[in-house]
Amino acid sequence: MATILETRHADVMPLGHAPQDNYLTHGRGFLSWALTLDHKRIGVMYLCAVCSAFLLGGIFAMLLRTELLMPKNGPEDVFLFTRDAYNQLFTLHGAIMVFLFIIPGIPAALGNFILPIMLGAKDVAFPRLNLCSFYLWLVGALFFVLMLVTGGLDTGWTFYTPYSTSTSTAVVTAVFGAFILGFSSIFTGLNFIVTVHTMRPPGMTWFRMPLFLWAIYSTALVQVLATPVLAITLLLLIAERTLGIGIFDPALGGDPVLFQHFFWFYSHPAVYIMILPAFGVISELITTFSRKHIFGYRFIAYSSVAIAILGFLVWAHHMFVSGQSAISAMVFSAITFTISIPTAIKIFNWLATMYKGSISYATPMCYALAFIFLFTIGGLTGLPLGTLSTDIHLHDTYFVVAHFHYVMMGGTLIAFLGALFYWWPKMFGRMYHERLGQISAVIVFLGFNATFFPQFIMGAKGMPRRYANYLPEYHAWHVASTIGAYTLGIGLVIAAIALIWGLYRGKRAPANPWGSATLEWQCSSPPPHNNFDAPPVVGDPYAIHQLVYDPDQSAWVPRQEKIVESEAMLERHTDAGTTGH
Amino acid sequence: MKRFPQCGCVASDDRTNGSNRKQRNVFMAAHAHDHAEYNPIGHVASKPMLLTVFFLLVGLTALTIWQGTQLELGTWELIIVLVIATAKASLVVLFFMHLRYDKPLNVFAFLSSLLFMSLFIGLTLADAVNYQPEVSAKEEDAASP
Amino acid sequence: MSATADPSTATADPHGTAGHGHGHDDHHEPFLAHHFESWQQQFDAGKLGVWAFLVQEVLFFSGLFCAYAVYRMLHPEVFEYADQFLSVPHGAFNTVVLLFSSLTMAWGVRCAMLGQRNGLIGCLAVTLFCAALFLGVKAYEYSEKYHAQLIWAGADPLTVSPSGMQAGAGHLLELDPEKRAVGEQLEERLASTLHYLEFGMGVVGLLTLAAAVGIYYAKPERIGLAVVFGAISLSAIAIVIGAMASMGIHHMMHASGHEATADSEAEAAHMAEAEDEPPVHTATPGTAEIAGSTHGASVKAELSRPQRLGTFFGIYYAMTGVHALHILGGMVVLTWLLARAVKGHFTPNYFGPVDYVGLYWHLVDLVWIYLFPLLYLIG
Amino acid sequence: MTLFRLLALPAAGEASLWLPEQASTVAASVDEAWWLVYWVSAVFFAIIVVAQVYFMWAYRRRAGWTEQKTAHHNFPLELTWSIIPSLIIVVMFVKGFLGFLDMRMPPADTYDITVVARKWSWSFIYPNGVVHPELHVPVDRNVKLVMSSDDVIHSLFVPVFRVKQDIVPGRYNYLWFNATKPGTYDLECTEYCGTNHSEMRTKTVVHEPGGMERWLEDRIEDIMKMPPIELGTLLYNQRGCSQCHMVDGKGGTVGPKFEQTFGNRHQFTDGSQAVGDENYIRESVMNPQAQVRTGFPPTMPTYKGLFREAEIRGLIAFIKSQNPKFKAEAEREYAKPAGETEAGDASPDSDLPDGGANGAASADEN
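Chains as they are written, first to last, in the working numbering: chain A, 1363 to 1943; chain B, 37 to 181; chain C, 24 to 402; chain D, 12 to 377.
These are computed hints drawn from the structure, not numbers from a lab. Warning: the hint list may mix true and false statements.
Straight line, CA to CA, 20 Å or less: simulated DMTMM-like cross-link-like pairs of lysine to aspartate or glutamate [what the hints assert, rightly or not]: (1) D/K214 with A/E1835; (2) A/K1434 with D/D197; (3) D/K130 with A/E1438; (4) D/K130 with A/D1439; (5) D/K155 with B/E170; (6) A/K1718 with D/E89; (7) D/K130 with A/D1446; (8) A/K1718 with D/D197.
The structure displayed is predicted, hence computed values, not measured ones.
Start from the sequences, fold in the hints, and give me the full structure.
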C-alpha cells in the first residue's frame, strides 16, 4: 500500500505552475459558461452574482447610514431622503443581503466550487439541477430588479402582514422573487446532501470529511427542511395580496401572528443557513494557518448538526412581544439558550487548535481571527435577547440590529472574505496581493466595530430599529456609526482590489500554497476540468504535519517518508473506517 | 400481508452501504435466475401485492366515508378520520412507494420530514391555543345583550 | 479498483478511468452520467434526491395543514358550517381515481423495472388519464362553489373585517338579493360554465389528437412530439369526461336528495329569506348576528353564515389549489416519461426517472388522502 | 469612578452607558437580568479574547518557533466547557423567565386605559372618556393598557418602564406597569408600520399623586371650551371616523362621504327616505343600524354612551360644515364653545393637537 501511495503522490503533487488545460480554459465562449454543468464554473458564476448583489446591498447600506447622519424635526423635515425612501432603503438593503447574498453566499458560491473537490468527487450529484439552481437565482434576482423599477419595496425584509398586504409598493414581485430564490436554495441543498451521501469516493468516510463539508452538509439539511415553509408562506402571501384569501390579513379574518410563525419557521433556521458554512470555513482556516490538527474534530462536526437541528426549535423567540402566548415564549426562550452551547464549543475548540501552533498572519487568518472576536460578541449579545425579560426591552431596537450584524456580517461576511482569500489561488490560479489583503482585514475589523458597537448602546438605551429619524440624544452615536460604515466600505474596496489585482498581477499559485491537507489542495490550481488528474489521496483532512514547505516551488509538498506512519496513526484516530452512511 | 420471498433477499441486501455496491451486484447476479421478476437495481413489486394494497385503500376509503357521513362521534371523529387516513398513507408509502424495501437512509429522510412537520404544526398550535382575545368576539359580546 | 470496495482503502478514483470489471459500468451507455461509476450509484443518488425533494414537498404542504389546524381549532363552527357545501360523492370519486392512478403508476414502475415497454406505456397513459379526470371533477367543484358564492374572504362581499373595515376591493358577484341565483338559476349557470369548459377542452383534445396523428405519419422520427400532443389530447378528453361525470353524480345525488350540495343550500337559504324565518344555519353564539336584530331579512340570511366562512374557503382553495398544481406538474412529467417510454429509453438498468416520478405521484396521492377527510368528511 | 459606573454598575435606577433610568416596578428586575447576562458575557469575552491575543502573540510564526504536537481532542476538557456554560444559561433563563412572568401577569386592581394605535398616531382613552394622544398615568398605581390597532401591527414601547408589546390588529393586547417616578418620558412605536413609523412617538407623563385626576378634569374643560367644528374635526381624526368616511378626498371609502351627508336626501335599505339633518346625524352615531343607507354595508358601530352631548354637537357641526352649501351656516350656528359654558371667547387655542403623531406642542403644559 505504501508504494501505491508514494507513486500516487509523485503523480499528483504540486507542479508549481498552472496546467494548460484547467476548468477555466476547458471550453471557450459565452455558451461554454452559460450552459456549463461543471460545478466549478457554476460556483464562479455564483460568486460573481452574489458579489454583485452584495455591492448593491452595500450601496443601500451606505445610503441609509448617510441619511442617519442627521436627526430631523418632525415628519416634514428631510435630510437626504424622504421617510418613504428611507423605508425602501433599509428594506432593500435587508432583502438583497439576505435573499441574494448571504444565503447563497458561502454554500452556493464557494460550496459549489469546493465541496466536490474537497470530497474527492468529479462533480455534484446532479449537475443539471445545479445549473438550474443558478438560473433560478438569476430569475429571482431579476424579479428583485423588476421590483426595484416598479415601485420598490418598503415592508422590511420580513414582509410582515398586514403591512405587506396593504402597502402600495411592488410586494408581489419581490415576494415572488424570494419564492424563486427559495427554490434555488432548496435545490442547492438537495444537491449537496445527495452528493455527500452518494458521491464520496472509497476511503472518504464521514469522519474523514473536512469540517467545512460537515458545515455545508448541515446547512443543506436546513435548506431542504426549512425553505419549503418559506415557499408556501410566500405563496400564501401572494394569494393574500392578490386575491385576499383571508389567512394572514386580519381585515379578512386572518391572523398576522400566524404569518410570523410561518415566516420565522423558515427565517430562524435560515440564520443557520447563513452562519453554519462560516463555521466550516473558520475551522479550515484556523487549522491551516496554525499548522495544527483541528482540536475536537467530532465535537465540532456534531455541533454543526446539533445547531442545524436545534435551529428549528427556536423560531418564536423573534415573537416574544408579538402577542404570542407566555407559554410559547417560555418554551422558545429555554430552547434558544441550548443553542448557545454548541456554538460556544466551536469557539473553544478553535482557540484550542491555535494553542502551541505556528500562527501565520496571511490574510485569510487575519479574517479568521477577526471572526472569532466579532462572532464572540455577536454570540454573547444573543444572550440578553434570549433572556425573556431583557428581550422585551431590547426587541426591535438597535441592539438587535447590532447583534445580527455582528453575527451575519462580523461572522458570515468576514468568513466569506477569509474563504475568498483562502481559495482564491485555487479558483483562479494566482495569488492575491498579500499586504493589501492584510490591510483590508484590519480596516474592515476596525470599521465594523465602529459601525455596530455604538448600535448596541443606542439599542439598550431604547432606540428603535427601522427609524428614519431619531431623538437628538442619539446623534453622536449615529455619526460614529456612519463614519464606521464608510471605513468598513473602504476596507471592503481594498479587499476587492487585493483580490482583483491578483487575477492580473498575482504570481502563479502552486497546488498547495497554504500547506492544507484537505483534498482540494491536491489538484492543480486552477483545478482541471475533471477536478483531479489522478485520484486524490484520502486521509485525515487535518494531518497538516505531513506537509513540508518547499522553498524551491514556494509550495507545500507531502513529507513522503512520513506517509506510512501517519496512515497508521490516522487509523487509530478515525475509528470510523467502516461507518459508511 | 403476504410476504414475498424475493423481498427478504433484496431488503436485507439494500442495507449495504454505497462503497460495496459492486459486491451486491455480483451477489444479485448470482441469484438472478431464482426470481422470475428480477431487476438488477431495485425491488420489483409483485402484482398480487399491488392489487391487494389498492383494494385495501379503496376499502379504507369506503370505511372513512361511512364513518364520516353516517356516524356522529363528536371529537372522536377527527381522530378516527386521521387514523384511517394515516393507515392509507402508510400503505401507499410502504408498498406503492416501496419504502418497506428501501434503504434506511430514505426511510429516515421521509420520517424526518414528518418529524419537522409535526414540530411546526404542533408548536404553532400550542401557541394558538393561548392567543389573546379577538376584537371581533369582544365587540359582539358587547353588542349582544 | 473500486471493486475492491474496502472503505479503508486510501485512494479514490473519481474518474473511473481504470479497469471496469462489470458490464453495467460501460461508460458508453447513453444514460449513465459521466460522474457516476455505476447504474446503481446513479440510481441511488437519484432516489435519495427524490426523497429529499419529497421531504421538501411534505414541509411545503405542512404550511397549509398548519393554517388549517390553527383555524380549525380557533373556529370549529366555521368548519362545521362549511362542511355541508363540500360534496362527499365528488370527493370520494376523486379519491378513488387518484388511488387507482397510484396503482397504475406503481404498476408502471414494475413494468419499467422488468423492461416491459408496452406495459409501461399503458400504465403511464392510464395514470395521466386519471390525473386529468381528477382535474375535471375539481373544475366542476370549483365552478359550483364559485356560482354559489362560496369564495375566499377577499372575493366574498360578506366577509367584513372585525374592525369595521371593508373587505378587499374586487367583488366577483353582486350583493343585490334580486340578482342572487336561486337554485335553478345557479344550476343553469353552473351547467353553462361547464359546457364552455367541456367545449373548449373537447376542441383542444381533437386538435391535439389530429396533430399527434399527423406528426406520427408525416414525421415518424419526431415520435416524441407526437406523444406529447397525444398526451395533451388524452388529458383534455379526460377533463371533459371528469366534468361530465361530476355533473352526473350531481344529478344522481340531487335526485336521491341525500346530500346538501352547495346550490341546494343556497336554495334553502333563499327559501328562508322569502319566508322571513330564522336562517337555516344559525351561527354558533358569539360569532355572527351582530346586526341581526336591526336588519332587514335580506341581510339576515347572509349573516347567518359564520363570519370567517371566507377564511375557510381561502384555506380550501389554497389547499386544493396547490394540490391541483401538483397534479398539473405531475401531468407534465408523466407526459415527458411517456415520450421517453415510447422511444424505448427505459431499461431494467435505467428506469430511475419512472421510479422518481412514481414517488412524486404517490406523494401527491398521499396529500389528497389527508385532504379528502379533513375537508369533506369533518362536519 | 464615574466612567466605571457608567460602564457597568450604576446606582439603582439611574441611567448608565447601557440602560436608561428605571421608572417602573419591573424595570429593576429587567436590569438585574441584564447585568447578570452582561457580566457573564464580559467574563467569557475576556477569557476568549485574552486567550486569543495571547496565542496570537506567543505562537506567531517566526524563526526558531515551530508548532508543537498537542492532543487532537480531550474529552474531559471538552465536556467541561460544554457543561459549565450549560449551567450558567439555566440561571439566566430562570432569571429572565421570572421577570417576564411579572411583566405578563397584570395584578387584579388596575387602572385601565384603552389604547388605539393607527398610522401614525396614538389615542389613549381614559376611564372618563377623555381621548388624548399622550399617555398619562398616576404614579405608584398599577396601570393596564388594553390595546388594539386600526390598521397594521404597531408596538408600544416605553424604555424607562422596560415594557413593550406589539399591538396586533384583530386582537386585544395587554400591557401593564406600575410607574414609580413622576416625570415625562418617551413612548415609541417599535414595530415597523410604514412611512412615518419613526414619527410615531409621543410622551408618557407620570403624574404626582392627585395630578392625574386634575389633568383629566382639565381635559374635559378643554373639550367644553372648544368651538364645536374644531371639536368635531378632532373627534373625526381621533375616534376612527376617518377609517370609513372620506373628507376632502382623504379617509376610508366604506361609509358615505361627509361632504354629501348634511342636507341631502338619503335612501335607506328598508325603503324609506330622509333628509340628512341634525337628528339624522345624531341617530346615525347613536343607533347606526336603525337606518342603513343603500349601497353601504351595515358595519358602523354604535357610539351610544361613548360621546358626551358636547361632542355629538361637535360632530354634527363638523359634518354640517363639510357640505359647502351649509358651511357658512354651520360656522354661524356653532360659534359658541361646544360645552356652552361661557359665551364669547371661542378660543382657537386648543390644548389638544389634532390627532397628529407629534405631541410636542402639548407636552409643555405638564
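Results of checking the hints against the structure:
{"no.": "1", "hint": "D/K214 with A/E1835", "in the structure": "16 Å, holds"}
{"no.": "2", "hint": "A/K1434 with D/D197", "in the structure": "16 Å, holds"}
{"no.": "3", "hint": "D/K130 with A/E1438", "in the structure": "16 Å, holds"}
{"no.": "4", "hint": "D/K130 with A/D1439", "in the structure": "18 Å, holds"}
{"no.": "5", "hint": "D/K155 with B/E170", "in the structure": "18 Å, holds"}
{"no.": "6", "hint": "A/K1718 with D/E89", "in the structure": "18 Å, holds"}
{"no.": "7", "hint": "D/K130 with A/D1446", "in the structure": "14 Å, holds"}
{"no.": "8", "hint": "A/K1718 with D/D197", "in the structure": "53 Å, violated"}
The earlier numbered hint that this structure contradicts is number 8, and it is the only one.
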